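J.: Sequence:
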Amino acid sequence: MAGRGCLSDKGLLPRFETIGHAPSGVLGARPSRIILNYSQAEEAGVYHLPVFPTEVTAWMEAGPDKWIIDGTLGGGGHSELLLKAGARVLGVDRDPEALKHAIARLAEFGNRFSTWEGNFSNIQQTAEIQNGEKADGLLLDLGVSSRQLDSAARGFSFMREGPLDMRMGPTSPRTAADVVNQWCEADLVRILFEFGEEPKARRIAAAILKQRAVRPFETTLDLADCIEKAIGRHGRTHPATRAFQAIRMAVNEELESLAAALDAAQSVIKPGGRLLIITFHSLEDRMVKRFLRHRSTAFVDDPGWPEPRPNPDYQFQLLARKAIIPTAEEISLNPRARSAKLRVARLLDPTS
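In the working numbering, the protein residues as written are 191 to 542.
The hints are simulated quantities; they were obtained by calculation from the structure and are not laboratory data.
These figures come from a predicted structure and were not determined experimentally.
One should not assume that every hint holds.
[What the hints assert, rightly or not] When the alpha-carbon atoms are kept at most 27 Å apart in a straight line, the in silico DSS-like pairs for lysine-lysine are as follows:
no., residue 1, residue 2
1, Lys460, Lys256
2, Lys419, Lys460
3, Lys419, Lys390
4, Lys460, Lys512
[As the list claims (entries may be wrong)] What follows is a list of derived Cβ distance ranges for each label pair:
no., residue 1, residue 2, range
5, Arg364, Ser457, 40 to 48 Å
6, Gly425, Cys374, 25 to 33 Å
7, Glu375, Pro254, 51 to 59 Å
8, Gln320, Arg511, 31 to 39 Å
9, Arg426, Pro254, 44 to 52 Å
10, Pro493, Lys324, 53 to 61 Å
11, Gly425, Gly308, 16 to 24 Å
12, Pro496, Pro389, 42 to 50 Å
13, Pro496, Asp255, 42 to 50 Å
14, Arg393, Asp255, 54 to 62 Å
15, Arg526, Arg364, 24 to 32 Å
16, Glu497, Thr361, 44 to 52 Å
Here a beta-carbon is modelled for each residue, glycine too, at the ideal position from N, C-alpha and C.
Required output: the full structure, derived from the provided sequences and hints.
T.: Pasting the structure below:
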């Protein structure tokens, strides 16, 4: 199949060059009626157990006087925690199916819960922000949701037969099939290496081009089998793991969306408001870490000046100097939390 021109010069990858698990005295017993493990989730028909459940509620200082934006609503787990603490919540998601299920799940909270369909990168376009309201907190829980991952029809999983889709929302401009069947070899190598951190990117890209010349890829297992044949299986991790991550990130422009959301955060949070970001792989975490490090530094070195100069981008205070990681207990209850990291910052008041 004929490919289209390479995107290598179009900047696919944005360039960006934290004291304890939670505020002292805030974490106590976990809230009642919160689903804490996969057996309970299966019984209740709930997807995407929220990671860092007590940490998110504590660091957000969620309460009746707070309005919080959950920029990645997904299954509604974090929103439920915040609502149970008394806060108002705006849930944002580009996936209409996720919105439908979350609205049904959280109906008991009435008008304290509202939704907006769209990408969190455009969060400043919500009606509340457009009308001048500022949030007390913004939460971003990055990556694919369990509902999306577990649905064969969405095409995210290399373990289930499904169409090569991988779109998080219906407005995404491309599918995974478009990427693997049309993108040139150089672009495939680049996304596999940069987005998936796949050391065998060239071998996988060559195998994809060879197979699609005979027959286009149609299903997830078509692609997973091609990758496994190209690089073999070693250890417990499936050989297609990194490649599927890379393709999913390219399809949904995840790094571009994250970069835009980080830049927009200071315009949607009120001074003193909290920014909480949960990442699941090193590429996203590095981007968030570099952003917060720069935006929380009052003075920066300037090669042209004898001493550090005030940083015009100084906007945040780090509330946890290092990334917060899950406890062993949480990982045992929710294995998908094992690679999660939480970073926490507070927006400074520019007038003080």
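J.: Hint by hint, say whether it matches the structure.
T.: Now for the hints, and whether the structure bears them out:
1. Straight-line distance between C-alpha atoms of Lys460 and Lys256 comes to about 11 Å, which keeps the hinted pair within the 27 Å bound.
2. With a CA separation close to 52 Å, the supplied pair Lys419 and Lys460 exceeds the 27 Å bound.
3. For the hint linking Lys419 to Lys390, the alpha-carbon distance of about 12 Å falls within 27 Å, and the restraint holds.
4. Between the alpha carbons of Lys460 and Lys512 the distance comes to roughly 24 Å, so the proposed pair stays at or under 27 Å and holds.
5. Checking the proposed 40 to 48 Å range against Arg364 and Ser457 shows it is violated: the Cβ atoms sit about 29 Å from each other.
6. Hint check: Gly425 to Cys374, Cβ distance near 31 Å, so the stated range 25 to 33 Å holds.
7. Restraint check, Glu375 to Pro254: a C-beta distance of roughly 56 Å satisfies the suggested window 51 to 59 Å.
8. Between Gln320 and Arg511, the C-beta spacing of about 35 Å keeps the proposed range 31 to 39 Å intact.
9. For Arg426 paired with Pro254, a C-beta distance near 46 Å keeps the hint of 44 to 52 Å intact.
10. For Pro493 and Lys324, the Cβ-Cβ distance of about 37 Å falls outside the hinted range of 53 to 61 Å, so the restraint is violated.
11. Here the CB-CB span from Gly425 to Gly308 is close to 39 Å, at odds with the stated 16 to 24 Å.
12. Restraint check, Pro496 to Pro389: a C-beta distance of roughly 43 Å satisfies the suggested window 42 to 50 Å.
13. Our hint of 42 to 50 Å for Pro496 and Asp255 holds, since their Cβ atoms are close to 47 Å apart.
14. Taken as a hint, the range 54 to 62 Å holds for the pair Arg393 and Asp255, whose Cβ atoms sit roughly 56 Å apart.
15. Between Arg526 and Arg364 the CB atoms are about 26 Å apart, so this pair conforms to the stated range of 24 to 32 Å.
16. Our hint of 44 to 52 Å for Glu497 and Thr361 holds, since their Cβ atoms are close to 49 Å apart.
Hints 2, 5, 10 and 11 from the earlier list are contradicted by this structure; the remaining hints agree with it.
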